[in-house]
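> Given chain D's structure and the hints, the job is docking chain S with the ligands onto it.
Order-wise, the sequence lines are chains D and S. Position one of the first sequence corresponds to residue 5 (the working numbering), numbered consecutively onward. Position one of the second sequence corresponds to residue 6 (the working numbering), numbered consecutively onward.
Read the hints as simulated data drawn from the structure, not as lab findings. All values derive from a computational prediction rather than experimental measurement. Misleading hints may appear alongside valid ones.
Simulated restraints on C-beta separations [what the hints assert, rightly or not]:
{"no.": "1", "chain 1": "D", "residue 1": "Glu292", "chain 2": "S", "residue 2": "Glu395", "range": "37 to 47 Å"}
{"no.": "2", "chain 1": "S", "residue 1": "Lys291", "chain 2": "D", "residue 2": "Leu10", "range": "48 to 58 Å"}
{"no.": "3", "chain 1": "S", "residue 1": "Pro316", "chain 2": "D", "residue 2": "Cys222", "range": "32 to 42 Å"}
Every residue, glycine too, gets a C-beta built ideally from N, C-alpha and C.
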Amino acid sequence: MKPALLKELQYITGKEYLFTDIEDRMTYSYDAAVLDPKIPCAVVMPGTDEELGKIVLLCNENNIPITVRGSGTNLSGGTIPEEKGIVLLTRRLNNIIEINEQDMYAVVQPGVVTAALAKAVEKIGLFYPPDPGSQAVSTLGGNVAENAGGLRGLKYGVTKDYIMGINFFDATGEYIKSGSKTVKCATGYNIAGLMAGSEGTLGIISEITLKLIPCPTCRTSMVAAYNSIEKASETVAAIIAGRIVPATLEILDNFTIRAVEDYSRAGLPVDAAALLLIEVDGHPAVVEEEGARVVTLCETMGASNIKVAANDQERDRIWSARRSALSALAKLKPTLVLEDATVPRSRIPDMVKALQQIAKDFQISIGTFGHAGDGNLHPTILTDKRDKKEWHRVELAIEQIFDKALEMGGTLSGEHGIGIAKVPFLKKETGFSSIEFSKRLRRALDPNGILNPGKITGV
Amino acid sequence: MTNMDELAIFVKELEEQLVICIRCGLCQSVCPLFEQTGKEADVARGKLALLNGLMTRLFSDPDGVNKRLNKCLLCGSCAANCPSGVNVLEIFFKARTILTGYKGLSPVKKIIFKQALSNPKTFNTLMAWAGKFQKLLVKSNKTIQGTSCARFVSPLLFSRHFIPLANKPFHKSLTALKPGSTVSGIRVALFTGCLIDKILPNIAHASVKVLQHCNVNLIIPETQGCCGIPALASGDRKTFNTLLAHHAKLLQKQKFDYLVTACATCTSTIKKLWPSLYQGNENSLKKYLDNLSKKTMDINQFLVDVMHIGPYKTHEDDNSSETVTYHDPCHLKKSLGICVQPRQVITASGKYLKEMEDADKCCGMGGSFNLSHYDISTKIGKLKQKSIVETNCSTVASGCPACIMQISDMLSKTGSSIQVKHPIELYADSLL
Ligand SMILES: Cc1cc2nc3c(=O)[nH]c(=O)nc-3n(C[C@H](O)[C@H](O)[C@H](O)COP(=O)(O)OP(=O)(O)OC[C@H]3O[C@@H](n4cnc5c(N)ncnc54)[C@H](O)[C@@H]3O)c2cc1C
Ligand code: SF4
Ligand code: SF4
Numbered sequence: 005m006k007p008a009l010l011k012e013l014q015y016i017t018g019k020e021y022l023f024t025d026i027e028d029r030m031t032y033s034y035d036a037a038v039l040d041p042k043i044p045c046a047v048v049m050p051g052t053d054e055e056l057g058k059i060v061l062l063c064n065e066n067n068i069p070i071t072v073r074g075s076g077t078n079l080s081g082g083t084i085p086e087e088k089g090i091v092l093l094t095r096r097l098n099n100i101i102e103i104n105e106q107d108m109y110a111v112v113q114p115g116v117v118t119a120a121l122a123k124a125v126e127k128i129g130l131f132y133p134p135d136p137g138s139q140a141v142s143t144l145g146g147n148v149a150e151n152a153g154g155l156r157g158l159k160y161g162v163t164k165d166y167i168m169g170i171n172f173f174d175a176t177g178e179y180i181k182s183g184s185k186t187v188k189c190a191t192g193y194n195i196a197g198l199m200a201g202s203e204g205t206l207g208i209i210s211e212i213t214l215k216l217i218p219c220p221t222c223r224t225s226m227v228a229a230y231n232s233i234e235k236a237s238e239t240v241a242a243i244i245a246g247r248i249v250p251a252t253l254e255i256l257d258n259f260t261i262r263a264v265e266d267y268s269r270a271g272l273p274v275d276a277a278a279l280l281l282i283e284v285d286g287h288p289a290v291v292e293e294e295g296a297r298v299v300t301l302c303e304t305m306g307a308s309n310i311k312v313a314a315n316d317q318e319r320d321r322i323w324s325a326r327r328s329a330l331s332a333l334a335k336l337k338p339t340l341v342l343e344d345a346t347v348p349r350s351r352i353p354d355m356v357k358a359l360q361q362i363a364k365d366f367q368i369s370i371g372t373f374g375h376a377g378d379g380n381l382h383p384t385i386l387t388d389k390r391d392k393k394e395w396h397r398v399e400l401a402i403e404q405i406f407d408k409a410l411e412m413g414g415t416l417s418g419e420h421g422i423g424i425a426k427v428p429f430l431k432k433e434t435g436f437s438s439i440e441f442s443k444r445l446r447r448a449l450d451p452n453g454i455l456n457p458g459k460i461t462g463v
Numbered sequence: 006m007t008n009m010d011e012l013a014i015f016v017k018e019l020e021e022q023l024v025i026c027i028r029c030g031l032c033q034s035v036c037p038l039f040e041q042t043g044k045e046a047d048v049a050r051g052k053l054a055l056l057n058g059l060m061t062r063l064f065s066d067p068d069g070v071n072k073r074l075n076k077c078l079l080c081g082s083c084a085a086n087c088p089s090g091v092n093v094l095e096i097f098f099k100a101r102t103i104l105t106g107y108k109g110l111s112p113v114k115k116i117i118f119k120q121a122l123s124n125p126k127t128f129n130t131l132m133a134w135a136g137k138f139q140k141l142l143v144k145s146n147k148t149i150q151g152t153s154c155a156r157f158v159s160p161l162l163f164s165r166h167f168i169p170l171a172n173k174p175f176h177k178s179l180t181a182l183k184p185g186s187t188v189s190g191i192r193v194a195l196f197t198g199c200l201i202d203k204i205l206p207n208i209a210h211a212s213v214k215v216l217q218h219c220n221v222n223l224i225i226p227e228t229q230g231c232c233g234i235p236a237l238a239s240g241d242r243k244t245f246n247t248l249l250a251h252h253a254k255l256l257q258k259q260k261f262d263y264l265v266t267a268c269a270t271c272t273s274t275i276k277k278l279w280p281s282l283y284q285g286n287e288n289s290l291k292k293y294l295d296n297l298s299k300k301t302m303d304i305n306q307f308l309v310d311v312m313h314i315g316p317y318k319t320h321e322d323d324n325s326s327e328t329v330t331y332h333d334p335c336h337l338k339k340s341l342g343i344c345v346q347p348r349q350v351i352t353a354s355g356k357y358l359k360e361m362e363d364a365d366k367c368c369g370m371g372g373s374f375n376l377s378h379y380d381i382s383t384k385i386g387k388l389k390q391k392s393i394v395e396t397n398c399s400t401v402a403s404g405c406p407a408c409i410m411q412i413s414d415m416l417s418k419t420g421s422s423i424q425v426k427h428p429i430e431l432y433a434d435s436l437l
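Pulled out of the complex, with its shape left as it was, chain D reads as follows (with noise of 0.2 Å):
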């Protein structure tokens, strides 16, 4: 990059927020998906909305691409510059500017971290839903950006689901206001949601508006173990198909359980198949009818044991054991890929057999747990990407994974996005011109191609 760019850049944000160093920079070469790190020529924070516009603008006129990173944890490499491009950090950008407890709405900053939000509506008696299993530390600008899921989409939907308006700065600087604070808004396009996803290729947001619920008043969890992995995605395909929606319905396989149970010692049944970790919220009346009818449920599919926390201690005893699958299964291999290919709730019991089968013909180790009720389940594959042979193969197996849930009507990724891990799969599920329209309309919005270039559409 040439110093005088830098320096204008510099002039800009003042010194202490334009890191040139090599060093510096290289910690922005990565993100949280397997893939071969690239290093920016520099990284800049932004401390407000005017900075943010004037950098768009100069790298515009001056052909710079920009990758803006929030926490740096999406799985898909959305967050990896491109060599003569600049990273953008949202860090600064990270103020609530406000919570409207009569209309139900917070506005914030996109450098705010996810669970700082959800902690502040709380207090107040209200619900921020979308709880990606990266909540601690992703920011909502990433969630917008990747459509983040969670443990509760399968009743609360997804972060798309609450987003009301965006302002962003398109790829030429200009500043462009989309949605509304109101709960309907039929104002021209639905710009805001076609930023939900976007990765960062079609504007930098700046500003998120966001729908709040009232907190449900009760909950109740069960954990239901089965002696075989079918008998337990056939519950979830019957759950689902006698009307009840949980707020979550977790699967974990009985690799996971064995896993779960070495690192924390939660009390897991060990020779279970697999266990079905579910939860029901709302009026307290519901929650007990819903509640008994799951049950009922469970034991005619043929659940071996069936057990309702009796307290807040068990409930949080369950889901605890829930959110430590990732960690007890990354201990294992040096090497973790979190796939989240997706399928139609009915077809779970499929997919689950689909994975078994794809382990052993590529002799590889998946552990499989995940949000069974949205069908997204989170196949893991452990190993080590030194070996080349074996990571060969579980580069076969993935593809392999992904065929299987396109056949069965799902899609490549259910909440980590495309990025650049799963471009060359793209046109599988969507065909050439869906991706020849979206390659149109970027192209359409940002002429020079600055935006997260090689992100989604390939280039």
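Quick look at chain S with the ligands alone, frame taken from chain D:
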């Protein structure tokens, strides 16, 4: 082969430990340094990536990595929260050793570590000498925490309110100790630690009083010195090894059931780092260190788990119990998982325990981090001070002398009347 190639080979020894990091970034949520700066190079994920960079020969010289690696509180918050179980601190200590071996120690550290610290006797003489002379340099603030600030503007001291060296270090009072009667039959060796010995000897006196009250057979091995952590943190593995060998030899001569310390940092160093970082190939010594690790205990844990100290007995002249809040030292809670026992010691002292917000958040001291990055250390410390003040307590207790110094600095600057104590001091005071 260039020097950087050679360095890459050394760093490669860490590869098996480095690959465990899955780059999930969850350490960002707990790193007190990252909270202040928001820079990836300040958090574990970034630092581990930098070490990876050294291994793959990404850099033309190691200075930049060295600088960033040293900017760390070594608080272990990242490791305690890491889903993948990366042994972050051990990696950092080893990497600091490699880089220091490559670059050499700074001249000042060389003198302190090689000539003073590694020989407990010299160190004691030197500190006694410094203790006498510091009166010329510092004036007393007359604050309740007993801190002093720089009389002359000194580039090293800034505006620190530090606790001065004690007039009489603990080891000087050793001969005056009466041997305890041995009703309980338990033999306890006390490891004092530098900070307690030289700056906060009251904690050692309180420990002795309490242990004698418990009727244990107390031994305080003479010529004990520093546990080695300051040297290790600066990458001076040689001095660390010398200290380790010295203490192993000293302790092997004694017979005891428990090695008890009132310093969280010493406890975690002896328990975790002595065995894991011992480099020699003497099998018997390795075994001894593993065994010693099992026998080593934080004093609060000893009182609660071994002595089963009972609940507080109210005295007649009690009117209302004093409110005390407790700060979890990183080296006790995050490193050793000890957080219940110190609280029990406080309540057993007849105090009312009121929890502060984020009691287990690092106070920002981080050993020499406080010297090299006083500004950030202060910012982190102020968060702690705020949580303490919000409890309306009259005393804040903590199980680590380093935390006590940092918290004293923070409180004293705001003219607060809150006292800073070790739980053992509170317990000792409660004994009639
Ligand atoms: C342990 C772990 C658990 C996880 N669990 C879940 C889960 O349960 N559900 C789930 O959905 N995901 C999960 N994830 C993935 C990840 O945390 C989410 O994708 C999250 O939304 C990313 O947030 P971030 O702040 O880290 O964004 P980043 O990774 O920094 O960025 C993600 C994308 O958003 C773009 N972006 C960021 N900020 C802006 C902005 N202001 N304007 C425009 N574009 C922007 C970036 O360019 C990038 O393309 C998990 C990840 C980990 C490591
Ligand atoms: S939490 Fe652990 S595995 Fe995750 S990035 Fe930090 S050090 Fe690496
Ligand atoms: S040891 Fe503490 S300061 Fe250092 S990286 Fe880990 S959490 Fe951050």
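> Does each hint fit the structure? Answer for all of them.
Here is what the structure says about each hint:
no., hint, verdict
1, D:Glu292 to S:Glu395: 37 to 47 Å, "holds (40 Å)"
2, S:Lys291 to D:Leu10: 48 to 58 Å, "holds (53 Å)"
3, S:Pro316 to D:Cys222: 32 to 42 Å, "holds (37 Å)"
This entry satisfies every hint, going by the numbered hints stated previously.
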